[in-house]
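Assemble the dimeric complex from its two separately framed chains, guided by the hints.
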Amino acid sequence: MSGQVLGDKRTNLSQEGWLRSIPKPLHAWLLPVAILIVWEAVSRLELIPATMLPAPTAILKQFVELIVSGELYKHLSISVYRAMMGFLIGAGTGLLLGLVTGLNKLAEKTLDPSLQMMWTIPLLSLIPLFILWFGVGEFSKILMISLGAFFPVYMNTFLGIRNVDVRLFEVARMFQYSRLQLIAKLIIPSALPNILLGIRLSLGISWLVLVVAEMMGASAGVGYMIQDARAYMRTDVVFVGIIIFALIGKLSDSGVRLLEKRWLRWRDTFKG
Amino acid sequence: MAADTLVIERLNRTFTSPAGDVTALSNIALKVKKGELITLIGPSGCGKSTLLKIVAGLDSDYSGTVLLNDKPIEGPSIEKGFIFQEPRLFPWLTVEKNIAGNLSLKDSKVRARVDELIALVRLKGFEKSYPRELSGGMAQRVSIARALLRNPEVLLLDEPFGALDAFTRAHLQEVLLDIWQKNRTTMLFVTHDLDEAVFLAERVVIMNPRPGHIRTVLPIDLPFPRKRASQSFQELRRKVLSEFEKVEEPAVDRDHGAGI
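One line per chain: the protein sequences are A and B, in this order. Taking my numbering, the leading residue of the first sequence gets 51, the next gets one more, and so forth. Taking my numbering, the leading residue of the second sequence gets 3, the next gets one more, and so forth.
Source of the hints: derived by calculation from the structure; they are not laboratory data. Every residue, glycine too, gets a C-beta built ideally from N, C-alpha and C. It is possible that part of the hints are untrue.
Counterexamples of contact, computed for chain A against chain B with all Cβ distances above 12 Å [claimed, not checked]:
| hint | residue |
| --- | --- |
| 1 | Arg70 |
| 2 | Leu95 |
| 3 | Ile139 |
| 4 | Val150 |
| 5 | Lys155 |
| 6 | Glu188 |
| 7 | Ile238 |
| 8 | Arg250 |
| 9 | Met265 |
| 10 | Leu301 |
| 11 | Arg307 |
Coverage of chain A stretches by chain B, computed from C-beta distances (three or more under 8 Å per stretch; other residues unrestricted) [stated by the list, open to error]:
| hint | segment |
| --- | --- |
| 12 | 77–85 |
| 13 | 217–226 |
Only pairs whose alpha carbons sit at most 30 Å apart, straight line, appear in this in silico DSSO-like list of lysine-lysine [to be verified]:
| hint | chain 1 | residue 1 | chain 2 | residue 2 |
| --- | --- | --- | --- | --- |
| 14 | A | Lys311 | B | Lys126 |
| 15 | B | Lys126 | A | Lys235 |
| 16 | A | Lys235 | B | Lys36 |
| 17 | B | Lys108 | A | Lys311 |
| 18 | A | Lys235 | B | Lys108 |
| 19 | B | Lys241 | A | Lys235 |
| 20 | A | Lys311 | B | Lys99 |
| 21 | A | Lys311 | B | Lys184 |
| 22 | A | Lys235 | B | Lys99 |
Bound conformation, chain B alone (with noise of 0.2 Å):
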């Protein structure tokens, strides 16, 4: 059997309040492949966060079956490394230390880690800054590689470049494959931009919201490294588009349309 890192089946989610219930996840079933690289795509309200806090064990309140290696997952732990919106990083901390976190850098084998991933995401040089020294594309790159310390069995990204410019995301996203290529780290990336989707992805989970749920999933079988010009990639690009269209027209006349 392929070893699939990651199990969901029949997985539900539902938010409670007094205003009435509101299904935020709707019968999800998605297997991982161990060193995959996913990416969640979907206008906002379709759960595609809301499936990623599940999977780090943020969130426990759902029905159905998340299986991490077989194992069901129990809060959070470091089996999960996830990478917030923002960089998260501990103000008061240097680079070095917030990398390490609750790790001891006096320790020679976190010592040697925590260089070698300052080398990885090109911090090399800005150990001992403070985050406050560093860009927005920077500190996210730190937080990956604290997020990355303890070899996380998976790397769960939410919108990780949301906030970032077009050039500094289009330079994350590059660091992020190298990561990827050198580590084959199983991965997966939320996130609402379409172009992002297609060219990290190994297959792109399109959502749907109200309720939320998989619309498709499609496998993007172009070689890294990826050409965004390229003609095969404009055509998988719209591929993804089309499947949005799908979705998005009973919405349209409700209320906002999709933010794409």
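Chain A extracted, bound-state conformation (with noise of 0.2 Å):
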């Protein structure tokens, strides 16, 4: 039995040899650079005309050119703002809201079922809703984006008090605690996982929300620039604007799960 299972590692391991003459770190590049190596292949020989799939290195240029020119950090200036604005004023709203509904219970029996039944409506759906009442102006956007940022705040701030160990709330009423040091010092260290990981979704969220915003009307943000590039077939600006939503998205990310290590250095969980 045993012997079988070696037999099964060898023939693996000779199998990814060719793996092993790769640095370890690179492996992650792999696929994508094989994807590009065809993507680029593919354009070159025109397989897909430009206005479909622009070559890797035509988007590249693009790019560049969109930098120096001082167009891209233009757009992409009102769009942080629309988004931080939103993401700030949602998420803010939501921390403040899940820990009143979660520390206290004639809250959480007045608030938290009238705030459930809006979670259900699809948020795009009031779009056309928003506009009617405040137009297609900036306060319109970043009411839709905090809209969206709110919920997953809101709901895993209720989620991770809720969730705190009974047992140590019998803990710090021997050491007589008061409100503040409960909510201070057990309360709210014992959500935070909770509430990074409602600022996480709520991030995703507030990037994902701003696109629709800005494609449903403006002057100005990456959303513009798209929805404007499509327009005129500009293919290569659309995928730029794609890759800007991305490593965007990705960097806060990347910000949030820095703060994850830092701040709950202290869990002992599965860690893969």
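Set out below in structure tokens:
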């Protein structure tokens, strides 16, 4: 039995022999690089027209041009501003209301059912209403984003608070923690893993809603840049926009994960 | 008058449930002198943990008198240190911060006392460790230090070493005696381990279930440090055990026998 397992392992190793000649940190890059090479070849050979799928090098060239002309900076700065404002307002309110409903039974009974009901409404179905009420200006965009950013933080904060170990409450009672100490030194640290998860989800949704909001009507922003480029068949610019979103999404997610690493060092969990 | 830290008189505690009332404690009377180390022993269901919770102020639904330094118990407070069966440390705090709890380590007095206690429970070098990095015995020592930080009038221990292996348990019993001899903290120690009860106590309170009451209180007049293998120790152990056999005889035919 064990001999058989060993035998299997050996054949696996010989199959992966070529992999070992490549340094380990580069393993994750193998597939993307292969795809890029094929993609470039397909475009160069004009198997697919450039208006549908421009070559990676053409996209890169466009990328550089947009940076040099300052065009990209203009769009990116307004997009980041909208997303961050919306995120801060939405996540901030979510954290606050999550704390209030989590800590207070009365607030839970009066607020939570309504909020839960609102959560089931698909956010994007509200767009027409928002345009009717607030027009297509900044206010309506930021409001949309904050609404999207609100729920993940709200729900996870509430959940985190309700998951605090009741036995630790008994300890805090024995040591006469004040109400404030109870919140600051027991409840929030204990709920922090959930809160951070909520923030991560919320950041992701902020970007999503931002793109939709900018595509529904704007005169600047990366979403607008994509929409505008599509109208002029500038597929390379569309790709630049997508790449920008990917990069920023990854960047902000890594930021929160860095916080998780620092703040949740104490956790003893399965690490794969 | 000799200073009685804890006075319990005519204490009754009944749990009401739809299935009927259960008398957990019936007419308990006990006086604990300042600096005394008392162990409470009895089979499960004898109410020993309930008694401890009442003294801690975690359970106030009783009738009778419970006085700590002549004052009735009013809820949990720092005068009563409580050590649970599990360490119950805050997992996001280091050892030293767990001990400090809601007091600030920036306060030089707190800092000095925490360092002193870390040395007392023999955890030097682990100040900055997180609970997940500690063994069960070490974690329980942190919880002892945490309870001692506020110099409680009485330290209540609810089967604190019950979940530990025999070697760790013996070690922690010695640590606890060492602390007791240095600090002379009044201690009420609940256990279901016969050896532990005799090894630690100046007096052993033997409790009997259905309804929970005190069967007898046995003084253990052995000098510290005690030798478990000594004849006098074994004799006292047998004496305590014989009290149990008397206690449990009528119950055996009804359901589970003594778990001792």
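Structure-based check of all given hints:
1. With a closest Cβ-Cβ approach of about 35 Å to chain B, A/Arg70 is found to remain outside the 12 Å limit, as its non-interface label requires.
2. The beta carbon of A/Leu95 is kept farther than 12 Å from every beta carbon of chain B, the shortest such distance being approximately 57 Å.
3. At roughly 28 Å from the closest C-beta of chain B, the C-beta of A/Ile139 stays outside 12 Å, upholding its exclusion from the interface.
4. Interface exclusion of A/Val150 from chain B stands, the closest Cβ pair being 23 Å apart, more than 12 Å.
5. At roughly 20 Å, the least C-beta separation between A/Lys155 and chain B is larger than 12 Å, which holds for a residue marked as non-interface.
6. Distance check on A/Glu188: its Cβ is at least 39 Å (rounded) from any Cβ of chain B, clearing the 12 Å threshold; non-interface status holds.
7. Distance check on A/Ile238: its Cβ comes as close as 10 Å (rounded) to a Cβ of chain B, failing to clear the 12 Å threshold; non-interface status is violated.
8. Every CB of chain B lies more than 12 Å from the CB of A/Arg250, the least distance being 19 Å, so the non-interface label holds.
9. At roughly 42 Å, the least C-beta separation between A/Met265 and chain B is larger than 12 Å, which holds for a residue marked as non-interface.
10. At roughly 27 Å from the closest C-beta of chain B, the C-beta of A/Leu301 stays outside 12 Å, upholding its exclusion from the interface.
11. In this structure A/Arg307 is separated from chain B by more than 12 Å, as the shortest Cβ-Cβ distance comes to about 18 Å.
12. With a cut-off of 8 Å between beta carbons, the segment 77–85 of chain A has 0 residues touching chain B; three or more are needed, and the interface restraint is violated.
13. Note: the segment 217–226 of chain A has 9 residues with beta-carbon separation from chain B under 8 Å; the three-residue rule is met and the coverage holds.
14. Taken as a hint, the A/Lys311 and B/Lys126 pair is honoured in the structure, with Cα atoms around 27 Å apart against an allowance of 30 Å.
15. At most 30 Å may separate the alpha-carbon atoms for a hinted pair to count; B/Lys126 and A/Lys235 meet this at roughly 25 Å.
16. Taking the CA atoms of A/Lys235 and B/Lys36, the gap is near 33 Å; set against the 30 Å cutoff, the hint is violated.
17. Between B/Lys108 and A/Lys311 the alpha-carbon distance is near 25 Å, which keeps this suggested pair within the 30 Å criterion.
18. Taken as a hint, the A/Lys235 and B/Lys108 pair is honoured in the structure, with Cα atoms around 16 Å apart against an allowance of 30 Å.
19. Restraint check: the Cα-Cα separation between B/Lys241 and A/Lys235 comes to about 48 Å, which exceeds 30 Å; the hinted pair is violated.
20. As the CA atoms of A/Lys311 and B/Lys99 are separated by approximately 20 Å, the hinted pair is consistent with the 30 Å bound.
21. Between A/Lys311 and B/Lys184, the direct Cα distance comes to roughly 42 Å. Violation of the 30 Å bound is thereby established for this hinted pair.
22. For a cut-off of 30 Å, the pair hint linking A/Lys235 to B/Lys99 stands: about 11 Å separates their Cα positions.
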